[in-house]
Amino acid sequence: MRGVPRARWMAGAAVLALSLAACGGGGGGGESSGKTGGTFRLGIVEPTAIDPYNAQESEGILVAHQLFTGLVDVKADGTIVPKLAEQRSPNDNCTEWTFKIKQGTKFTNGEPVDAEAFIRGWTRAAKKSAASDVAYHLAGIQGFDQLQAGTTQTFAGLSAPDPYTLKVKLSQPDCEFDLKTYHTVFSPVPKVAGEANNKQYNDQPIGNGPFKMEGPWQHNTKITLVRNDDYGFEKAKLDRVEISILNPQNADQLEYQGFESGKFDWARMPTPQLPAAKAKYEPQGQWIGQDTNGMNYLLPITDNGPMKTKEARLAVSYAIDRQTITQGVFKGMQTPSTTIVPPAFKDFYQQGLCQSCQKQDPAKAKEYAQKANLPPGSAVTLAFNTGGGHDEWVQAVAQQLRDVLGWKVEIKPMPFKELLEAEQQPGATGLFRFAWGADYPTPDNYLFPLLHTKSINKDASGKVTGDNRSRWSNPQFDQLVDKARATKDPNERKKLYQQAEKIAIEEMALIPLWNRTQYRLANTKKFTNLELDFNENPTLAQVALK
Amino acid sequence: MGRYIVRRLGQMVLVVLGATMILFVCLFVLPGDPVGSLGGDKARDPAVVQELRQRYGLDKPLAVQYFNYVKRLATGDLGEDYTQRRPVNEILAPKVKNTAKLAIAAILIDIVLGLFAGIIAALFRYSFWDVLVTLLTTIAIGFPTFVIGLLLQNVFALQLGLFPLFGTEGFSSLVLPAVTLAIIDAALVARLMRGTMLEVLRADYVKTAIAKGVPRRAVLLKHVLRNSVIPVVTYLGISFGTLLGGALITEAIFNWDGIGLALVTAIQQQNNPIVIAVVTYGVAVFVVLNLIVDVLYAVLDPRIRLA
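Top line first, the protein sequences correspond to chains A and B.
So for the first sequence, numbering that gives the first Met the number 0 puts the first residue at 0; every next one is plus one.
So for the second sequence, numbering that gives the first Met the number 0 puts the first residue at 0; every next one is plus one.
If you are wondering where the hints come from, they were derived from the structure by calculation, not from laboratory data.
The beta-carbon is built from N, C-alpha and C at its ideal position, and this holds for glycine as well.
Certain hints may be false.
[What the hints assert, rightly or not] Here are some of the chain B residues that sit facing chain A, going by a computed Cβ distance under 7 Å:
(1) Leu51
(2) Asp58
(3) Thr264
All chains, full assembly: derive it from the sequences and hints.
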């Protein structure tokens, strides 16, 4: 038995960053400079799935997005690029959408990509037997619940009046439904895909994207993609993409070393090595830094315990010195945040929205703590997940709360699954570490799941099963979001969402900490058009040899 | 001896059953839902959680779950994992192979290097070679594995480019991780060999043999080596078992897709079918190796009887 306890002990002792899974999709637009050819090499960690029915973390989405092209694509800055949808139009109250699909494109096995291919793909993912983690993106379509319950095998809300017209009936108004189809779960699939548990297809999906698989997924070893020369849009320039699969324990270290030794053309780096890497690679133009669609928060439990009042949450926000932590712990590689929706959503972003986030203000913090009836000595817990590289900043935040407010802050480190479970428990109280990334370029993807009353979704035992873990509920906010969802005019809609965000910030429904900024090394000596896409992956479909 | 082996194999079944049962209970006690969220902060859809609980029988009482597990185990089926939903056998087979490759390479280096250095040091006690062996082994033992691994990787892969930086492909990728794993053990083997050999060299039967005029070579081979090697075999047996259980740090440094990494990742994801499978495998390996070591004793020293 010796080897086993030793390995288990190491598991506990090793502080290793699990790559945090961001959900969403990727994609770039179509500049067309550069030469055709070349092999682009990079490392990822083993995805859960590359088949669009269940592709979920950025790694799985990275692959699925190269293999499949859906109705629309999104640029890194959130601009929509129409792909297979030549026309996308809602009815007046946005409960029914009609997509006109580009004719004459094919899957790599020759099958046509038509409306039926979309219906096939969406139905396949939504069925009960698929038990897909991303199927909930389809939940707004009529008939989803019946499919999930297993009482039917067809998607009631989907129809094809003619081979290249897709009609989608929604159960609630949603004027941004077309943006959601950017997620890879909305991919069309060919007939050979079969059911979701088709192991052969799961490992070697046949799609209609800019690349296709060269042989099946070699689990934990590599995935190789080659250009799809029959692609229905502007063809990719790269001949091949070689994706090495690295272990999650030290993947960023391996990527960094791989880049330094010329094994990779793209790499993440371990946080402590960011300043050194920047100093070395920025002058060579091989350094990419970009605000992405992710945010970090403290999650206050608002229905119970010390964080129940708005004043208590404001006290916390005023007590935190975001500047010092981003400069100290993050070496200036993250920026303090003042909003719930990230600055990556340029058109929407309301800079400086959160007053209490601007700078640390001990006097105001104490004042609010008093109003909240939380004098020095009050007990507050701060829970976070270990192994994600959070230890240092959590310690710093806790110390600031102790110093400024005199609270007894108890830090509770725990494994990730335990943390999620703790957040959901009926009796949860205090503060939790929290982060969120968007799946599609719309503020709704923050405001609805995180803060709408419908997203609390308590089960019979009082456990929160939705993503609104703070349990914050505000009828005025709900009303604004609902109204925004049913508003066709983009400008009007934006204003409504902005008003909603303002209410949430005033009430400190979530306590903003820092924006998610991502850094990558990129081999710009050999390749051009390299960018981070909406999902923090390289824009492979537009990369070309210099 | 045949009966002895059969009895030991019978015991092995009991040990494996006991270990899996303890593990089942431990995993059951752990907080967190094994089919709860996979990663990221997004909640898993309750409908999906329910479907998976049903599919994997997690809605049944622990005793029933365990019984079903043992029933499947008897047919060699380890079930399906909870994340990728692939058969555990299919997931673990290449990892066991990789770890075995690494372990065999490392143990061979241990035997060759360790025994050789130990014998030289003992035979030429207090000579330059003895001092050199003592010095080198002290340094080797003092270094943690991860320092050795990173050092070797930096010098031989990054700077000199002689070996691949990491990966599991080809013989050349095996060299650095195997050496990393072997260095400390080889040093310990050398120390052990030197010590026991010096002791045996002083033993009466060796003196008698020499006094009787048996040639030095014959004395060394027949008496000294054979008797000195017994404690070393025990050590190598345990060490090989540990190596076969997977070497997390070395595997991580060289991205070696082995059983150690699989276990850590599975523990973090609470992917219980993988955790149980790896631990069961680890227990089986140790029981078998212990048996082999015991049998080797009897071969090396006929006074030791197996009963």
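Do the hints match the structure? See the list:
A hinted interface residue such as leucine 51 of chain B counts as satisfied when its beta carbon comes closer than 7 Å to some beta carbon of chain A; here the least separation is about 5 Å, so the hint holds. A hinted interface residue such as aspartate 58 of chain B counts as satisfied when its beta carbon comes closer than 7 Å to some beta carbon of chain A; here the least separation is about 14 Å, so the hint is violated. With a least beta-carbon distance of about 6 Å to chain A, the hint placing threonine 264 of chain B at the interface is held under the 7 Å criterion.
The structure fails to meet hint 2 from the earlier list, while all remaining hints are met.
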